[in-house]
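2 protein chains.
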Amino acid sequence: MLRSCVARLRVLGAPPARRPGPVWRLFSSEKVIRKDYGLPNPSWSKDLRLLFDQFMKKCEDGSWKRLPSYRQNPTQILKDFQTRFVDPSFTKEEQMSKAQQFSRSFEEGLGFEYVMFYNKVEKRTVCLFQAGLHLQGVPGYVHGGAIATIVDITTGMCALAEGIAMTANLNIDYKKPIPLCSVVVVNCQISKTEGRKLFVSCSIQSVDEKTLHTEATVLPFLSFPPLHLYLPPSSPSSLYLL
Amino acid sequence: MLRSCVARLRVLGAPPARRPGPVWRLFSSEKVIRKDYGLPNPSWSKDLRLLFDQFMKKCEDGSWKRLPSYRQNPTQILKDFQTRFVDPSFTKEEQMSKAQQFSRSFEEGLGFEYVMFYNKVEKRTVCLFQAGLHLQGVPGYVHGGAIATIVDITTGMCALAEGIAMTANLNIDYKKPIPLCSVVVVNCQISKTEGRKLFVSCSIQSVDEKTLHTEATVLPFLSFPPLHLYLPPSSPSSLYLL
Numbered sequence: 340m341l342r343s344c345v346a347r348l349r350v351l352g353a354p355p356a357r358r359p360g361p362v363w364r365l366f367s368s369e370k371v372i373r374k375d376y377g378l379p380n381p382s383w384s385k386d387l388r389l390l391f392d393q394f395m396k397k398c399e400d401g402s403w404k405r406l407p408s409y410r411q412n413p414t415q416i417l418k419d420f421q422t423r424f425v426d427p428s429f430t431k432e433e434q435m436s437k438a439q440q441f442s443r444s445f446e447e448g449l450g451f452e453y454v455m456f457y458n459k460v461e462k463r464t465v466c467l468f469q470a471g472l473h474l475q476g477v478p479g480y481v482h483g484g485a486i487a488t489i490v491d492i493t494t495g496m497c498a499l500a501e502g503i504a505m506t507a508n509l510n511i512d513y514k515k516p517i518p519l520c521s522v523v524v525v526n527c528q529i530s531k532t533e534g535r536k537l538f539v540s541c542s543i544q545s546v547d548e549k550t551l552h553t554e555a556t557v558l559p560f561l562s563f564p565p566l567h568l569y570l571p572p573s574s575p576s577s578l579y580l581l
Numbered sequence: 340m341l342r343s344c345v346a347r348l349r350v351l352g353a354p355p356a357r358r359p360g361p362v363w364r365l366f367s368s369e370k371v372i373r374k375d376y377g378l379p380n381p382s383w384s385k386d387l388r389l390l391f392d393q394f395m396k397k398c399e400d401g402s403w404k405r406l407p408s409y410r411q412n413p414t415q416i417l418k419d420f421q422t423r424f425v426d427p428s429f430t431k432e433e434q435m436s437k438a439q440q441f442s443r444s445f446e447e448g449l450g451f452e453y454v455m456f457y458n459k460v461e462k463r464t465v466c467l468f469q470a471g472l473h474l475q476g477v478p479g480y481v482h483g484g485a486i487a488t489i490v491d492i493t494t495g496m497c498a499l500a501e502g503i504a505m506t507a508n509l510n511i512d513y514k515k516p517i518p519l520c521s522v523v524v525v526n527c528q529i530s531k532t533e534g535r536k537l538f539v540s541c542s543i544q545s546v547d548e549k550t551l552h553t554e555a556t557v558l559p560f561l562s563f564p565p566l567h568l569y570l571p572p573s574s575p576s577s578l579y580l581l
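Protein sequence lines, in the order shown, are assigned to chains A and B.
340 is the number of the first residue of the first sequence in my numbering; add one for each residue after it.
340 is the number of the first residue of the second sequence in my numbering; add one for each residue after it.
FYI, nobody ran anything at the bench for these hints, they're computed from the structure.
Careful: at least some of the hints might be erroneous.
Note: identical chains are not told apart, hence a pair may lie in one copy or across any two.
Derived pair list, reagent style SDA-like, types lysine to any residue, alpha-carbon separation capped at 25 Å [stated by the list, open to error]:
#1 K462 <-> R373
#2 K385 <-> K531
#3 K514 <-> G534
#4 K437 <-> S384
#5 K437 <-> R388
Given these sequences and hints, build the entire structure.
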């Protein structure tokens with residue numbers, strides 16, 4: 340499926356650019372009004388803030404990049420995406436403009452609070468994740484579906500430099516439940532590439548690394564060449580990733 | 340993990356009853372004020388209502404049962420659950436009372452709209468699922484994490500008559516994306532039992548059965564004997580299932 344495209348399109352802030360002409364106007368006008376959810380807010384716990392600061396320091400030498408995150412796709416990107424890749428019969432444009440990115444559709448602090456960092460050389464993405472009270476599965480713990488969601492999102496980002504990928508398979512071993520409101524570290528890395536197939540391994544650990552909560556393997560399938568091949572090096576969007 | 344317990348505890352409306360004495364008072368007083376989310380609301384589309392009516396007819400001869408669904412666990416059940424099964428260090432009671440079941444924590448129509456039906460003889464659960472606009476992944480389609488969530492919930496219900504199960508593994512093949520706001524049918528069945536291990540197969544199809552969106556296998560691990568062994572046949576909760 341195409342689920343990892345969204346996040347990437349959001350990150351890049353530009354359509355996949357077979358006709359890149361109108362793209363840059365779009366990005367520069369829209370970034371002003373869009374809230375970046377990958378930045379600290381009052382609901383973030385001390386643990387999450389500390390980890391965030393640590394990773395921001397790692398970003399200083401350019402080895403890591405923080406990935407911004409948005410709730411909605413810019414309208415033009417959405418249209419462009421639909422025109423190019425989506426069933427043309429699915430054109431309820433007005434309705435679609437009200438759609439929200441699943442993992443960002445909660446009130447502050449109640450759902451998925453997370454920030455991701457990307458290391459291009461290591462082909463690795465780290466997600467610092469704090470699970471809000473509306474992600475409950477068994478009393479006191481995070482729902483397995485919410486865990487699958489954060490795994491899917493993080494692995495999607497991991498394939499970022501390779502191209503637009505669609506998740507074909509998600510295989511998750513739930514080892515230890517994750518307490519609600521706790522912070523965990525999601526670590527994803529491309530372990531192998533076979534043509535357009537990627538193999539991404541993923542783990543979720545406690546902040547002190549003593550507890551392995553989840554292990555997963557994800558198989559994204561590359562559908563398009565890397566986006567950065569289309570983006571001029573000076574475009575604002577490419578600064579995040581390349 | 341323990342994620343499928345919640346739903347089941349909610350359904351049964353009673354704690355897992357090693358000391359069933361105070362349970363029935365609890366159920367009778369609490370069911371009055373708790374909203375059952377497995378009933379039609381104005382956001383349900385014609386497709387969902389039609390399917391709901393079809394399955395309600397199947398319920399008339401007792402072969403199928405509609406499973407009620409709640410947003411929060413009764414406080415007493417929550418306490419009881421924590422006392423029995425959960426890390427005793429995790430006791431932020433006040434905070435936990437504000438927690439919400441992940442799949443029911445959205446505003447009406449924007450998140451997971453679903454109802455489940457259970458067939459004891461066939462060991463099968465069917466979930467009629469309408470995906471709201473806040474479950475978006477790639478523009479216009481349902482997020483892979485939201486799909487994983489509905490798979491996890493439905494397979495959890497499938498293990499219902501066998502006992503309280505914890506999902507150990509979730510393996511999902513995403514075949515065709517699910518359009519936002521469409522209705523799909525999730526079909527789960529226990530394919531094999533090996534001691535305390537269950538093997539549940541799951542598929543998600545379009546209403547006309549022409550499109551196979553998703554296939555999954557789930558491995559819930561039974562942690563306790565079947566709940567109905569503890570419940571007197573006349574208890575209101577057992578009427579739903581047994």
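- request: If any of the earlier hints don't hold here, list their numbers in rising order.
  value: Violated hints (numbers, rising): 1 and 2; every other hint is consistent with the structure.
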